[in-house]
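Peer 1: Chains U and L supply the protein sequences, listed in that same order.
Each residue of the first sequence is one higher than the one before, starting from -4 at the first, in my numbering.
Each residue of the second sequence is one higher than the one before, starting from -4 at the first, in my numbering.
Hints are computed from structural coordinates only; laboratory data are not their basis.
No false leads were mixed into what you were given.
One copy or any two copies: either way a pair holds, since identical chains are not told apart in the list.
25 Å max Cα-Cα, derived SDA-like pairs, lysine to any residue:
| hint | residue 1 | residue 2 |
| --- | --- | --- |
| 1 | Lys140 | Ala243 |
| 2 | Lys71 | Arg225 |
| 3 | Lys140 | Phe77 |
| 4 | Lys139 | Thr286 |
| 5 | Lys71 | Ser141 |
| 6 | Lys71 | Val302 |
| 7 | Lys71 | Gly310 |
Protein chains: 2
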Amino acid sequence: MNSELRSDPVTGRTVIIARGRSERPQDFARATTIRSHATCPFCRGNERETPQALAAYAVGGAAGEDDWLVRVIPNKYPALSFDAAPPTSLSDAEYAPTTGAGYGAHEVIIESPRHVTCFSRLDLVETQLALRAYRDRLLVHRDKKSLRYGQIFKNNGADGGATIGHVHSQLIATPFLPREVSAELAGCRRYFESHDRCIYCEMIDRETTLAQRTIAETERFIAFCPFAARFPYETWLLPRRHASQFHALDDIALAELAPLLRSLVAATIAASGQDAYNFLIHTAPFDTSATDHYHWHIELFPRMLEVGGFEWGTGCHINPVPPEDAAPQLRTMAQSFWDRKTS
Amino acid sequence: MNSELRSDPVTGRTVIIARGRSERPQDFARATTIRSHATCPFCRGNERETPQALAAYAVGGAAGEDDWLVRVIPNKYPALSFDAAPPTSLSDAEYAPTTGAGYGAHEVIIESPRHVTCFSRLDLVETQLALRAYRDRLLVHRDKKSLRYGQIFKNNGADGGATIGHVHSQLIATPFLPREVSAELAGCRRYFESHDRCIYCEMIDRETTLAQRTIAETERFIAFCPFAARFPYETWLLPRRHASQFHALDDIALAELAPLLRSLVAATIAASGQDAYNFLIHTAPFDTSATDHYHWHIELFPRMLEVGGFEWGTGCHINPVPPEDAAPQLRTMAQSFWDRKTS
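Isolated chain U (complex conformation) (with noise of 0.2 Å):
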């Protein structure tokens, strides 16, 4: 069942091939399961069901079986595995295709012990200690000699990818450098290197300046639509003061953040009529030290449109939303939440 890291011969795309996945029960359904409390493997009370807990989260720190409100667990049917030797190289430079086996981790943060189906429905409590538990697990595994990236997902409803409901996120830490934070790397060496500055602090303060596409600001971060945004309704978030690592987050920033995405996710709710979404943190790699170039972030985006052959052929997002437009009704759905719940 151990799955294999290919890369294209033409362009060095890296595709995992992960023959036991197609083995999940709702594989290839494109629903979630609609599950009650009694059979959801996710809940409270069903920890059986699911592979022992890498780490269990309380308020007070440290939960056991019967106590936590964030349990981290691996995944069931895992696209990558530390059963699989770590690589040797994967070049991408040849045809003569560079295979390796399946090496990295792959782990499911169920983010409540009650069967919630949506991020925007966690207490804040559980919201603060599902950040910590990403937190602390990229730090786990970024000392792992070779692992080089962790992405910390969310999908959300069969439509975002989801094949189980209750609410819960994804790390999968690869032994390779994935293409989009490569190119996003790329791009911020380039743009140091000519401008002595990090390029998303340049649009941190743009965006602020401008206030056409800015959603919601605490003191340590800012949200806004991006102006090239690929989906409608994408918001980015990030800490105002340049950090490239998100594992470097305190538990207090955590604190100032878990409310702010969770109201983001509300508003992305409300403004896109439906329950499919993702969200994911771009973070420094794990061999790079504190850098003042990159920037980490998080992307979030509702799934309102299929992409097609246009998409897949070109890698050209066709967007109907312009983020001047998105942004206005994101700010006012997110502050709505946040009165709501902070009142």
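Take the given structure of chain U and dock chain L to it, following the hints.
Peer 2: Same frame as chain U, now just chain L:
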């Protein structure tokens, strides 16, 4: 209603912001319209519901509004249009977001006058004329000075990104070289420089020798599952003899390609068990003459899995069906369809 081209300041990724497209009746519905022949705008007899034809094909050649078999019309909700001014430059090296008007073509190729909802259900002559229309429309646009690429693509089924059920393909001709095409070209150039050979020609030799991932062959064409397939049952279709430009194909070659492509689509549907799929043609950019290093090809894949945060965040796909498992199934299914249709 003009659209706008925007480059992401970090990655240079181009997006098309096309406000007008959210007025499409089915947009955001994630479902194709189920229409009867009487109300379908793409059926023969209902030509008044669509813009005037740019081209129409019958068996003998050009056709009128009442005897066409394949009909090309402008997209009513275009992502790009010639009403806009050609962009002067679309630099992506700087933050200082470079923006251009949405100059280009967006056309719909209606592939049958009958209310057929899948490419595999076309008559042979319709299939041939559809391919001829793809070629001719590329030829029409390639000499426009400000256009750089023509992307022919098909979205079939709601999960494939289609909003209208009646069988059709599309062409979007862009004033920029799309990211994915650019990545392929770079890979081809790199390989050619060190091996003095086209990498796709090399691939065809290796796949033929290995005979593990091949699906079908004719005198001029070959189809196989690519080594690093992103999607379950992904298929590539290529000319066996080196050729960089799809638009250079003559009618004889198109007549040979038509039944092969049709049988591959039928096999894709049979293997995936549903009707959502995409195919797209990757061909040399408009501004290059025939080259030794690039090789045109068709990429075809069913839409069985919803991609999620991991794929969007990393550009890395997780494919649960190894191409070595997919190919024998597709081979049998394509062969049996072929036999049924030609017996």
